[in-house]
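Heads up: the sequence lines are chains A and B, in that order.
Using the numbering used here, the letters of the first sequence map in sequence onto residues 1 to 145.
Using the numbering used here, the letters of the second sequence map in sequence onto residues 1001 to 1678.
These aren't lab readings, by the way, just hints derived from the structure by calculation.
Among the hints, a few may not be true.
With a cut-off of at most 30 Å between alpha-carbon atoms, the simulated DSS-like pairs for lysine-lysine come out as follows [said to hold, decoys possible]: (1) A:Lys27 x B:Lys1067; (2) B:Lys1094 x B:Lys1067; (3) B:Lys1350 x B:Lys1637; (4) B:Lys1025 x A:Lys27; (5) B:Lys1462 x B:Lys1094; (6) B:Lys1462 x B:Lys1242.
Because the structure is a prediction, the values reported are computed rather than measured.
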Amino acid sequence: MPVYVDISRCIGCRSCEVACKRVHGGKGHVNVHMAGDHASVPVFCHHCEEATCTMACFTGALYKDGERTAFDVEKCTGCGLCRLACPFGVVWSDKIAHKCDLCAGRETPTCILSCPANALSTDFELASRRARTRAAMAAAHGGRR
Amino acid sequence: MPQVLVPTVCPYCGAGCQFFISVEKERATGIEYMPEHPASEGALCSKGNASLEVLYHQDRLRYPLKKTGDGWARISWHEAQELIVRGLGGALKKFGPERVGFLSSSKCTNEENYLIEKLARCLGSKNIDNCARLCHAPSVVGLNRTLGAAGMTNPIPDLANSKCVFIIGSNLAENHAILSRWINRAKDEGAVVIVADPRMTHTAWMADIFLQLKPGTDVALLNGLAHVIIKEGLIDKDYIAKLTRGYDELVEAVKDYSPEKVSEITGVPADDIIRAARAYAISPTSAILYSMGITQHCTGTDNVQAIANLALISGNLGKPGSGVMPLRGQNNVQGACDMGALAEFYPGYKKADDPETARFFSAGWGRGSLPVGRGLTATEMIDAAGKGDIKAMYIVGEDPMNSDPSSNHTHDALEKLDFLVVQDIFMTATAQMADVVLPAAVWAEKEGTYTSTERRVQWSRKAVSPPGEARSDLEIVCDVANHLGLDFDYPDAAAVLAEINRLVPQYGGITRERLDGMGLIWPCPDKDHPGTPILHSLGFKLQDGRASIMPVQYRAAAENASWDYPFILTTGRVAVHHNAGSMTRRSPSLIEREPELFVEINTNDAARLKIADGDEVLVTSLRGETSARARLTDKVKKGVVFMPFHFSGTNKLTTEVTDPEARIPEFKVSACKISWRD
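Next comes chain A alone, as it looks inside the complex (with noise of 0.2 Å):
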């Protein structure tokens, strides 16, 4: 159940970067990329199904956990493979690593309830069928003027 982001949403105010640090600590996980002028894109931790970072963990402090790639510190030598092995990005180690924790204790991660644009959510369907509604309306109103 990682944190699914709506690309044509997001609109690059980094509510979440600073929601995220909030929250944890004063160490985010989360990173807005600029594209450019034109777009932004958030990138969380994708919880991959095979994650890299897990299999670079010699102690097993990262592992997966049903869906979620969980984080035990007590495990954690800081070594930094796992950042070197993570292709996204957003496993970061200082003295220990850090990650995204899926908001371990709160219902909803704070990214989602934080962002103003509802960008983000656990949904991963749900981008692609608002893109689907909006489409639908497009062609009910003959096309976007």
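Chain A is already provided as a structure; the job is to place chain B on it using the hints.
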């Protein structure tokens, strides 16, 4: 551990988002969202998320200070009040009240603004204003004149019902971020989004039709749209006949604004103008949103009137999904204006130049005579101080040194004052100029009401105590008033609100008891009234219930690019900073994301000047110079540069030319040049 959740209203923009502050052992420890909030649905922008960072900042003012030969000395509240009696009271006696100025704060609560305005007028001074002068003064003038009420006509969530959202001169995606969720919702339901802006802003990403106009040509564009709508017969004939006056004059006034001619003036392709006009007029419900890009011009009032004209001829007022929506920048700038902290209005927009108004309030306040007539505006006070006509000032929560145009001029003017008292939460550039500085409480340290941009009046609670000896603005102002011989006996904000209920008709029914939830939207005249989310649904509060269509003609901006100053500088905000930046620049998680002043330059212009991305450049205008980091981009067109005004420097460059009616400076168009920094 016992944890209490205290609901407060966000201290940043005017959207009026609420959130809970969690308090443990009398310390604010975190934020919890409020999904049931009607406007934000619990969302917060980056600034809202970082708002607690300023609460315990080391720079907070903790004690009253007085200026000494070599710096600042801590003094007691008692001594501070004595100095104020001597300085402010002395100037009142020696020079008369008309030579004393008061600046109220659009960051303070309604109750505090009401008291500051009452203080000024009870002391006999007409010179009371707030920073709405620098943002929405043209809306107050222009919308009162055309529609009979200034303020957003429809609430924020109602945007979702719109079938065409026209955004002009507002970068709401960055500055009022939560609005984007409603616009996205409208888009999913098939709405067309039109954005007009000199920059390809984040807001423009949402647009179906993007009109990139030259700064300062808004009237030409809006008249061009009206021209197309009239020519193609897309007007709402019934609405015009029933509810407006002045349509024939408009037809005459816009007949020369053909899309081709407007295209020449604005740089927007004629086809796009036609497409936008059709989209706006054909849609069953269209809303116009605008902000500083419309108002901060020497033609600000004209711009606002041109917008109102567009809504009136297409009948887009008084129903869901439609409306004219000025987006307010500060959390309580709407409230500060409602409370009469304006040179031309007493509370409730009662005209200051009407003797009846003065009679009404002198009866209500139990004061003999109150000043009649329009006072000096915020910018005029600074000018008057420079000329020696204003001798003393009391500035609450404002930073004209950073926020007024032509900072060097402001500096010289404030220096000439005999006495200046500044009340703020940080030692701002303006406070540095003061004789006495008073430490104030921030939003979470006091209670009271704030009025959001959608006219929603919300009660914000006190979560924690102010640091050191800092006190709420309400207590300080009452104390100052009592020391100056007035009788301000208000135990708390609720007592002031009760007086507001009595004297401001729009707030008549907005009592403390009714404000425990998500607030009420004014006008709300009596205790049983549910509030009025949509204005003008039963006609207009003008003669015969008709709105006035006020034709305007395009006038060029005061400055244009020239041989010596070849670029047009336009200013604005970025997502992670707010206004003069005294709060956001002290917020670690915000300042690290946008640490310094930058200037956006078109890549082609930069290539010609041999400037690379990240170079330190010198930006110079007729009024001053500042250095900034070059940011190469295609967001701005050739010949246009953009700088945010959160850092001191930008407003050294801007022009002090003002709108003749609303007196707002033209922040959005100044000629400048860019050179290498040696």
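Here is what the structure says about each hint:
1. Between Lys27 of chain A and Lys1067 of chain B the alpha-carbon distance is near 41 Å, which puts this suggested pair outside the 30 Å criterion.
2. About 22 Å separates the Cα atoms of Lys1094 of chain B and Lys1067 of chain B, which keeps this hinted pair within 30 Å; it holds.
3. Under the criterion of a C-alpha separation no larger than 30 Å, the hint pairing Lys1350 of chain B with Lys1637 of chain B is inconsistent with the structure, at around 43 Å.
4. Distance hint between Lys1025 of chain B and Lys27 of chain A is fulfilled; the C-alpha atoms sit about 25 Å from each other, no more than 30 Å.
5. With a CA separation close to 40 Å, the supplied pair Lys1462 of chain B and Lys1094 of chain B exceeds the 30 Å bound.
6. Restraint check for Lys1462 of chain B and Lys1242 of chain B: not satisfied, since their Cα atoms lie roughly 48 Å apart, outside the 30 Å limit.
Hint violations for this structure: numbers 1, 3, 5, 6, all remaining hints satisfied.
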